[in-house]
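Engineer: Read off the chains here:
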Amino acid sequence: VVTRRALLGAGAGALLAGCGPPKATATSRREVLDEQLRLTQVAVAAGSTRAPARAKKLEAAGATASAPAATSLTAYEAERDALAGYVKAIGRLRDADSRTLLGELVVDAAESEAQLAHDAGQDPLTSAFPGQAA
Amino acid sequence: MRRRELLLAAAGLTLAAPAAAHAAAPSEGGVLVDLMTREQRAKLAYAAAIKKGGPAIFAGIRANESDHADALTTELAAIGLGRPLPPRLDATSQQLADRADAESAIKLEDELVDAYVQSLPHLQDAKIAMTVATILASHAQHRLLLGLAAS
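Keeping their order, the protein sequence lines are chains A and B. First residue of the first sequence? That's 50 in the numbering used here, and the numbers climb one at a time after it. First residue of the second sequence? That's -15 in the numbering used here, and the numbers climb one at a time after it.
Don't take each hint at face value.
One side only, chain B facing chain A, incomplete, derived with CB under 10 Å [said to hold, decoys possible]:
#	residue
1	49
2	76
3	78
4	82
5	117
6	125
Just a few of them, taken from the derived set where beta-carbon distance is under 10 Å, the chain B residues facing chain A [to be verified]:
#	residue
7	69
8	101
9	122
FYI, nobody ran anything at the bench for these hints, they're computed from the structure. Backbone N, C-alpha and C fix where the C-beta goes; we use that ideal spot for every residue, glycine too.
Throw the hints in and build the complete structure from the sequences for me.
Structural biologist: Spelled out as structure tokens, the structure:
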């Protein structure tokens, strides 16, 4: 049997919980976006023609990173890594602006990866979940 | 204020809070059900288009849609929701089923990409959001490859 006191207490508790401050995020948005810019710049260095536009988008969002002098990765490999990075970042950042930005980056990197696979004569539809962590 | 008034006020506010949140933003479950419905429609439309002799690439895409639906079923189960009943085709998926051409499929994939991008800000669970992001990537690839096949 639920007593009046218990109901009242539960209601008041719910009200207090709803009025509390939002939980602080342990992940720094800047830190996560800097990492995405670093991955994108590797794709630029590897010769991806679409990656420079994504790097500019990240810089416009406040990301900073030093461009690598060179990379041993192919453009396809670098785009695959960048895509996986963007997907992982979506799990780390929950604010609407970051999710929208990262969603756009996912779309562009996924298309770039598929285009490069197609151009190399590889099957671009090997995975139903491109960017999934290995 | 009497006990009864306090009790009703507390209960009313507790119930009103989720309702206001729903009006402001769709729930995670609602978003997932919408995405699942879209995947089910796409799967049905590609199956019909394949029967009508659509482009060879449709078979691989349909297999992907089936995998997406399975993954979303898992995520729905994780938040206590079941798989929705197979939906009726909407205008875009019906067009693909009827015409069985790459142009209709591009239109469908374009709508899927938009729906997935718009869903991301509403997904609180990190694992669900990452699964949805990989499915978004897959639809972006479908759209690009269909464009290449059509050109």
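Engineer: Hint by hint, say whether it matches the structure.
Structural biologist: We went through each hint and held it up to the structure:
Taken as an interface hint, residue 49/B checks out: its beta carbon lies about 8 Å from the nearest beta carbon of chain A, inside 10 Å. The criterion of a C-beta within 10 Å of any C-beta in chain A is not met by residue 76/B, whose closest approach is roughly 19 Å, and the hint is violated. For residue 78/B, the suggested interface contact is broken, since its CB lies about 24 Å from the closest CB of chain A, more than 10 Å. Contact between residue 82/B and chain A, as hinted, is not supported at the beta carbon level, the nearest pair being about 24 Å apart and thus beyond 10 Å.
The restraint placing residue 117/B at the interface with chain A holds, with a minimum CB-CB distance near 5 Å, inside the 10 Å limit. Taking 10 Å as the C-beta contact cut-off toward chain A, the hint placing residue 125/B at the interface holds, the least distance being around 4 Å. Because the beta carbon of residue 69/B sits about 23 Å from the nearest beta carbon in chain A, more than 10 Å, this interface hint is broken. The beta carbon of residue 101/B comes within 4 Å of a beta carbon in chain A, closer than 10 Å, and the hint placing it at the interface holds.
Look at residue 122/B: its Cβ gets to within about 5 Å of chain A, closer than 10 Å, so that hint holds up.
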